[in-house]
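There are 2 protein chains.
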Amino acid sequence: MQDLIEQARNGRPRAIARLITKVENSRTAAAEIVPALYAFTGQAHIIGITGAPGSGKSSLVNELAKALRRRDHKIAIVAVDPSSPFTGGALLGDRVRMRDLSGDKGIFIRSLASRGNLGGLSQATAAVIKVLDAAKFDTILVETVGAGQAEVDIAGAAHTTLVIEAPGMGDDVQSIKAGILEIADVLVVNKADRPGAARTVRSLKAMLQLGQALAMNHHGRSTQTTSVATVVSPNGLEYDENSWQVPVQETVAIDGTGVEDLLDVIMAHKNHLQVTDGWLAQEKLRSRREIEALLQMRFMDQFQTAVSQDDREQLITAVANRKTDPYTAVAEIFDQIKA
Amino acid sequence: MQDLIEQARNGRPRAIARLITKVENSRTAAAEIVPALYAFTGQAHIIGITGAPGSGKSSLVNELAKALRRRDHKIAIVAVDPSSPFTGGALLGDRVRMRDLSGDKGIFIRSLASRGNLGGLSQATAAVIKVLDAAKFDTILVETVGAGQAEVDIAGAAHTTLVIEAPGMGDDVQSIKAGILEIADVLVVNKADRPGAARTVRSLKAMLQLGQALAMNHHGRSTQTTSVATVVSPNGLEYDENSWQVPVQETVAIDGTGVEDLLDVIMAHKNHLQVTDGWLAQEKLRSRREIEALLQMRFMDQFQTAVSQDDREQLITAVANRKTDPYTAVAEIFDQIKA
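Heads up: the protein sequence lines correspond to chains A and B, in order.
Residues 1 to 339, numbered by this note's numbering, are exactly what the first sequence covers, in order.
Residues 1 to 339, numbered by this note's numbering, are exactly what the second sequence covers, in order.
Treat the hints with caution; some may be incorrect.
With the Cβ distance kept under 10 Å, some of the chain B side facing chain A (calculated, not the full set) [to be verified]:
| # | residue |
| --- | --- |
| 1 | 1 |
| 2 | 17 |
| 3 | 21 |
| 4 | 22 |
| 5 | 42 |
| 6 | 54 |
| 7 | 237 |
| 8 | 283 |
| 9 | 326 |
Calculated directly from the structure, the hints in this document are not laboratory data.
Heads up, the beta-carbon is just placed ideally off N, CA and C, and yes, glycines get one too.
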């Protein structure tokens, strides 16, 4: 095991792939491997990418990956599909991507599909990211399929979170979601050459302003910091590195339009995190979530050991038949665990 | 409290609304109210409705509600938005619906939005459904916004689950998701007057067949039962009540096309559940999930009592700074809880 970790640390793709398979498939393996390589993590810039199906997310991830390679980043792409118990969708996405990106040693691509257990998938994703981080990838792109809470959770664990929208998906009152906007560090309107793009950009900007106004009301104060430090990125992007205003970027992933600018903005966000306490704050948030998830898993293991399969089935049947209620049943289980 | 429950049992809207507000806002209140009314639950037919934004889900729920009223069902609509920490979106949906449906005492409408805690929302939804069930609503429509795992979980807890698609959303490899198809009892292609509807119906049928073939392979046998009992619904729908083949129904919600047929299919599924052991199986599944969710919540409460806020923050900071790793941290917490 120590040998495998050493090889992964030296960038050997086969060792990395084997470690990932281990942490993905077995919680016991993850509980052994993650502590062994944890001290080497915390270096990679983790970029979460989420957005509705049809937004062209995968093409955009492709183009971002190529742009990062042009800037000599060693990158890993993790495509996570919380909604699929099969690996079909994610693997198909892989193959589409692979046509463009395979053969490049600076890119590592991996798909993760749900095994019907969402907690398990979040945990597996967290462990896989740690393996890649310890393997010295500079940038890890975590792409999630769909736009639900699961995706929000997974993508939201990144340092920099991109939310992708596309024009013409906005004819439903619910299609632009406040909850997803909340986690965005950068909003992207992809397919920006399509009709309605300008309208989508305008609605997103309006939603952002509304969100900001609500947040100020809620906290009774502005969240802006006091000092202003305008810096200019290598490509001429001007921004205040002390405070972050979520920008709305336009891209056309299929021909690469706007991708370099988007990458500038992503790097500006990374810089913002590094000069403020944002980077550590993200690490703490991720640590907190991971500890809570692991606690819950260990507790469920304990429960399954303490209460026999038969007792569990009897209790469930009693609740289903209205002989008892779920709250009373849970109180009984707690008594059994303690005894 | 007992008085409020009695009033809700007699269909008094204000009492129902007050109970819902209590169980939604306070877990302590839910732990008191749910056991008190649990024996009265288990009568309502719970219909889960999920599907991608833009599929016209809310309009379809409207039309289904009207069709159910024409058949004299007393109905409740619960609109759940797991992705929104604001109530904005869900409330907006309410108002749109209210124009058509308000003023009818046989309909009760309620929106639930996420408070940033998904487990909390699932629990709140489960408790709200129980209040409505005990208040003698015949049919409870649970509509979830979005198409992620959270929605799948909430809608999947219903007796009959509808998954809504629309034509023209299928130009992305990931837009039709195996995970969502898996929970569907009825698939609906809404906006069936739009170009591409026939293609969407065909792809869904193909996906269903593929899913069935995979399931047979996986279990090494067909899931079909041996006896065949063809029945005919009041509106002339013929089906085998012993085995359920997921149908693909076409609707145009905005003018009501196909809605009566869809309702026939939904009632046929209810009948199928009642003549087979499907109804009890659903109750058991829901009981199992609820017990597990309540167990996890109680455990997290215990953890927060046993480990002080300061100790938790120190541990999180140590993990974020790589002084320790999440697995070791969790082992320490478990020792503290046991001590």
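Hints and how they fare:
1. Hint on residue 1 of chain B is violated. Least Cβ distance to chain A is approximately 15 Å, over the 10 Å limit.
2. Against a cut-off of 10 Å between C-beta atoms, the interface hint on residue 17 of chain B is violated, since the closest Cβ of chain A lies about 22 Å away.
3. At about 19 Å, the closest approach between the beta carbon of residue 21 of chain B and any beta carbon in chain A exceeds 10 Å, and the interface hint on this residue is violated.
4. At a threshold of 10 Å, the smallest CB-CB gap from residue 22 of chain B to chain A is about 14 Å, leaving the interface hint violated.
5. Given the 10 Å rule on beta carbons, the hint for residue 42 of chain B holds: about 5 Å separates it from the nearest Cβ of chain A.
6. Look at residue 54 of chain B: its Cβ gets to within about 4 Å of chain A, closer than 10 Å, so that hint holds up.
7. Checking residue 237 of chain B against chain A by beta carbon gives a least distance of about 29 Å; that is not within 10 Å, so the hint is violated.
8. Because the beta carbon of residue 283 of chain B sits about 4 Å from the nearest beta carbon in chain A, less than 10 Å, this interface hint is met.
9. Hint status for residue 326 of chain B relative to chain A: holds, with the closest Cβ pair at about 5 Å, below 10 Å.
The structure does not agree with the numbered hints 1, 2, 3, 4, 7 stated previously, though it agrees with the rest.
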